[in-house]
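Two chains, two frames, some hints: make the complex.
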Amino acid sequence: MLKRRSSSQWIILVALFCLIISVTSSAAPKKKAAPKTPPLNLPPLKTQEQKMQLLGYIRQTMPTRRIAQRINFSSADLDQALEQELGPATEELAQTIDDETFIRRASLDLTGQLPAPEKIEAFIKDQSRGKRSALIDELLESPAYGRKWARYWTSVIFYESEANKRRVDPQALEDWLAEQFNKGAPWDYITVMLISATPERNKAVRNDYGQDFGPNNFVLACENKSTELASQTARIFMGISIKCAECHDHPFDNWKREQFHELAAFFHPYTYKMPDQDDPKIQTAVQPRFLLGEKPHEKMKSDARRVSIAAFLAYNPKNYWFARAYVNRIWSELIGDGFYDVDSLGPDSEVIHKPVVNRIAANFRYKDFDPKWVFRLIMNSRIYQREMRTSSSAADLFTAVRPSRLRPDVIADSVENLIGEDQSVRKEIMQTFDMNPSLPQDGLEGSIQQALLMMNNQQLQEKLSQSGLKQQLLKMSSNTELVQSLFLHVLARHATEPELERNLSYLRESEKREEAVDDLLWVLLNSTEFRTKR
Amino acid sequence: MQTDALLHLNLNYRGGVSRRNFLQAAALGIGGSSLLSQFRLHAEDLKKEGRSCILLWLAGAPSQMETWDPKPGTPNGGETKKIQTQTSGVEIAHYWPKIAAAMNEIAVIRAMTGKEAAHERGTYHLHTGHRMLGIEKFPHFGSVVARELGDPQSDIPNFVSIGQTLSSGFLGVQVAPFIIDRPGMLPDNVTNTTPDLRQRRRLALLSQQEHEFAQAGAAALVKEQSELYQKANLMMTSPRLKAFQFDDEPAAMQEAYGKSQTGQGLLVARRLVEAGVPFVEVRSTGWDMHSSVFSSMTRRAPEVDQGLSQLLLDLKQRGLLEKTLVLCMGEFGRTPKINARSPAPGRDHWVRNFNLLMAGAGIKGGQVIGKTDDNGQEIIEDPVQVDDLFRSMCKAMRMDADMELHTPVGRPVRLVDGGAVINGLFG
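Protein sequence lines correspond, in order, to chains W and H.
One point on numbering: in my numbering, the residue at position 95 of the first sequence is 95, and numbering is uninterrupted.
One point on numbering: in my numbering, the residue at position 270 of the second sequence is 270, and numbering is uninterrupted.
Everything labelled a hint here was simulated from the structure, so no lab data went into it.
It is possible that part of the hints are untrue.
Not everything, but these chain H residues come out facing chain W in the computed CB check (under 8 Å) [stated by the list, open to error]:
1. T193
2. D196
3. R198
4. R202
5. L206
As the structure is a prediction and not an experimental result, all values here were calculated from the model.
Every residue, glycine too, gets a C-beta built ideally from N, C-alpha and C.
This is chain H alone, in the form it adopts within the complex (with noise of 0.2 Å):
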């Protein structure tokens, strides 16, 4: 029983134990002080060297031929033509010059296979390795990341997305998305009016109010609702909030990432990696083009593909691309076929082959994994399923895949559930 409690103890990535852990071990009648000490030995083992994730989400389910894998002159192809890239004989749609430049950093995965059509249920699949089946709300991976990877204590969210996206699920508030909405700019209300003292006193009385509403039926919600004003509060006087901020970001910096919303969305997200948060989403949207699709792309793409390839560049150059990793990917593929809409035809949903771009932390560069056919309706080389990218993640920040999370009545479920880590990714 008691080695179980202690087999359970999060370490977080800097080797500490989690205070809330160390309390319930010290429930248990365990000493605190020999226990720090015995955790401390493997904690230099246990470190995750300050592994990060972004994940910049393509909203809508961008078309694979016109972004990693273009056919063109075949009758799918449409208007779309290929560019020759940095990588010698690898080659993408001609909308992405900048990302094409930076081609040596980043792994095109041609070959990816999914289950889910629909966007809801796509972008649930895609976010957290599980298929939106039984009534568990399977956690988003950043929320997992949080945990693993977080510090619990921390004073600024380890999560954070610039744009709406999934929750934590059963794994809650503690390690659910810190959402805004306007990258560059503090979030709201962060400022505190109250002198420090007087603060203190209020939030004594008001715990105090909160401990006898819980006795009175609501514990639950009280319980989340502490945890909320404790992140609150801690966050309120984090001298890592300028990292929300452009206020010491160099002009030129912000003009390199582009003004656009995905633009300074990445901005934000390689300072927030910079200043500890182990996982950020970015939401770019617009990518469901049933309709109009050649024009919509030209539309589109150049934010994402500027702001994209700055970020690798300048994660680069700052020497935080071998510790993070970076995401680029949508919910399904489109179909190959053009359809026939108006005003001018698109691509409809399609999930038998998809494609994705993944760069950083340790992930090898300038090459392409999986084929598909002339007319790219099949594959025909390495698919990649939903279970083999989540293991690669897990790789890529060094966690275990094959982690137990429990649900909330208990029952144990794999982080990712089968699979194998993609062959030939990481060099």
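Excised from the complex, chain W in its bound form (with noise of 0.2 Å):
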């Protein structure tokens, strides 16, 4: 009964905010005397079910919506794109990439881990002309998939987080991000849960500050700071750095001092106040108003106001940042190279093959923003499925895909995979292969230390000479068939005529058969190969 009367105020709710999108986005500011401000009747929005009702309505009157149906934007469009773009660059195209590399790349992308031999096998042998295609579809239906980039947002919102640990629960998050992803949940309902999360704290309970439940998690990473959540929501949801502008008025972009502090206030739970830039102690009331200029309703109360940012961030169509922000991390992550650093774009910086990144973009938000579509779109394209170089500079870039730094779960799982369970080897991993998720791969560095712990670790060598894989190694009378099913275990693939060549005289020159497959399997395991999505 009460969800029924509530659902007419919604109504009003979802016109009144169309109403200021389209306000403040088409005219020129009139300076005539503000018409009275109408009462705002809303009704509550505690709850996060309350919060994405609201979001249901305002999402069914998006602009883009009708023209969703009519517009198709395929590979084979983007491949047309991207060749237009890149011009004489086209003829550095790099090879199109085997079965097999193919099939171990889409699963290290989509699920984190390496496929399995028999998969290998398989897929190989598969005749069907669409079975790259296929594998696509399968892979994003595995729980794998959810797990791998709930790891990597996770990973995003935390890395650079200074919140108390007891504080914030970084699985939590990755557990509720997993289950959004492998649902097929829409990235503006993602964000908006994250973004319009009000945690509150339970003094009853040592340290429980809400972040048992998920997506409460962002605004706890941000310690609930109005500046913090500012900075954020424009770096992870829009690729935008705007932190700077909080003391002073960007350097570089356009960004004025002002504008950043109008964006924190829109996170503020009552009048965000702005610091004097000299004298601290000067502090000036400002109202929220999110980046293109739009205002929340002057009564809205705080949790309206976290939504409304998410309806603004996300439904308004000249705010092209929010969807291109997604789509440029998703390529980059898969290609190698951004279309710009995922997080560091200002108005005015660089964006190469901008035509392109903003097709992709306007097509995820025909899409509904179905995250699954762009990981479809970019893999079908040959782009992606070429072979693998590192671009010397910006004009070949896209014309081979970047061998890429794999992240620090994805080779915890690998060892895992070789070695079976063990935390504390997984630990050291997680800590010795850590890397900023935001960062570019060429600003990616390795270190002695994991060196020394792929090379020494005294666990991880042990438990890898007493593997299962080693004793079914052994077993095996044919030293072919032996390094064959080494480098499928261990590389996802077979060995190549020179390295099986190698690796038998290895064998045969050993004095001892054992200690030779000891020695085989630590070379495989220190290889660059090993670590990398080549």
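Right under this line is the structure:
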């Protein structure tokens, strides 16, 4: 009954939102005295269901929804658009990868796990024409897909968080995100759940800040600070770096200090005050205003304001940053280079091949922000299926796929795949191979510690030496079979002719076969390829 | 062309030519033996006398009013009192009695002025000497020191950091900081469990495996990893590894530095410098005191007070201070005006004037450079820019501040772009 009564109020509210969006984004400001603000009679927005319901209503009025039914943008269209952009660089286009490179690459990208040897063999044997596309669909439906990308985004949110560890729960966030990705939740829903969360402290329980509830953890990672929420929202969901504007006008972008504080005001529970640049004791009250000028209703309370910022973020078609930031991140992870650095774009910064990324982003919006659509689009393209090469200049960017360092959780999984579950080895790998998910690949570096860990970690070596895989290999009577099986298990591909010969002669020349197998395992575990997506 | 190649040879501080450069020169068709003898002639002039630098980084930006520039009795002064130091006429905040007692070794720079008031950007500026503006990632000063003064064949890293720090930027993994978290312990996984001969066979096979992966398109990654594996292997058998470990360090010495992470970190720093490591950074955290600045200072200062004063004493007693530059600083300063935060007031970010300590490596101790006004809001004498500071650091390390570094795209950039050595800093 309560629901029914509130639905009419919802519609009023939705109309109000549209009004705000259309007024602020179209007409030039008029000098006339502001008209009296109509009273705001909002239904309660306490629970997540209520927030999502509100968002659902706003979503239905999305101007782009109608276009979506008419427009189609396929992987072939993407290839065509990019090749047009590349111009003379198309001569540099790398070859298409073979089936076993494809299955390893696609499995690592979508699930973070290596394909099993039987799967590789079956995939190579499969004669059907659409098998790569079918594999992408299959991987997108596996639970590991949601897990892999949940870990990625959890790291994006937490990597630089300074929040007290006892007041956050990254695992709860990861679990929740995994569930969302697996059920195909649209990106705007996920975003609004994160941004509009209002975690409440339970004083009866020590260190209970509401972190058990996954979506609360974005706000908690920002310590619920208005300024931190503003800069992280812009960074993660728009790909824009405006943090420096907290203290002064951004040195090389258009962002003004005031704009930053207006954005921060959105997240403040009451009245936000901007400190004076020279004397922090002087503070001026600032009205919330989104980056493109949208203002929430004056009487709107804090919870509703946070939903409204998500609505401004996602549904103002002029805010192309929202869709583009997601697309650019996924593209960077899949191709190895982005159209721009994932979180440091200012409005004036150069975006490479802008028409291409803008078209993908626009279509992502038409597809109702379906994350799986982006994966399908990119991974079915020829761009994604090219051989690896490290691009040396901006001119030949995207003519090949950059070999990328695997993320720590992926390396840990690959190791556990060989030695079985091991908490302590996993923990050490997670720490030693940790990397900032928001840095481009060419900004990352390996370390001596990583080499030492893979070479000498005692527990890892012992477990490898006692592993089921090793026992299995030792039982094989044919050395050729042994080497091929070894390569399939560790690197997820067959050994090449020279590799086969080399390893066979190593086995022949060794006095103890068992030690030789340990050595071969050690070598592949320590190879660059083991920790790289090729 | 050939002369150019010769000019770019790096001499390490022992006067040797690095093997890689030597091979490059050899590849250009220059006779190896005559080349080496030519360079040995100049080696004596070019020796850097085993200079080292220890940077004690106070992460979060310490308050200048609660460290080396107290203003008691003024509206901005707060609860902080001042104390007399070993050097007559020099007074510092009362949280630092042991530093006060070592003041004759220390130069206080009271009129630093910077440009970056956000942590990340300030940290970058004060570590690299460059502002975070373009796309280039400038190297940590320690990486430049490691490259210029470190032995490229060194069996332990030429740059060690106790705690996380910036990267070597475009100078690459060769001179990247080796980061340890637990001072006094051997780094993890340095013990090789495979017999020597077998280990060599493994590495030979690995190198062939790597070669093919490089050919397949991953050359850059393979190159980096090979360099790291080489370094890791040298390190595993290094007799100098014991510098990381306190096994032979008297308990009394460990006590003297203080049992804190900072104190123990500084003791490792001294041991590493003794072992020939040219750059060590020690990180102390918790200096971002937006609230409760006075009570926080009472908690945080004693560790640094004890560790740093003991480091100076220890270096001096071992005859190392004259060759070792010691720096103690953070990314910027804090607002002279006290804010109104709860539960107790603090100070916010302020970059117009802040301060730091320098000692050793020819720096004249027992002096204060620069002056701020009574409210601590303006510099009234001898401002020091970040460029000036870096020029002075280069001078202390006998390094050419005008040297050119080459970015990955080959663009030359000066190590320090402007500024002048701080007037009167060196005796």
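Each hint tested on the structure:
1. T193: Result: holds, 6 Å to nearest chain W Cβ.
2. D196: 14 Å, violated
3. R198: 7 Å, holds
4. R202: At about 5 Å, which falls below the 8 Å cut-off, the nearest Cβ of chain W leaves the hint on R202(H) intact, so it holds.
5. L206: Where the cut-off is 8 Å and the nearest Cβ of chain W is about 5 Å from L206(H), the hint holds.
Of the numbered hints given earlier, the model fails hint 2 alone.
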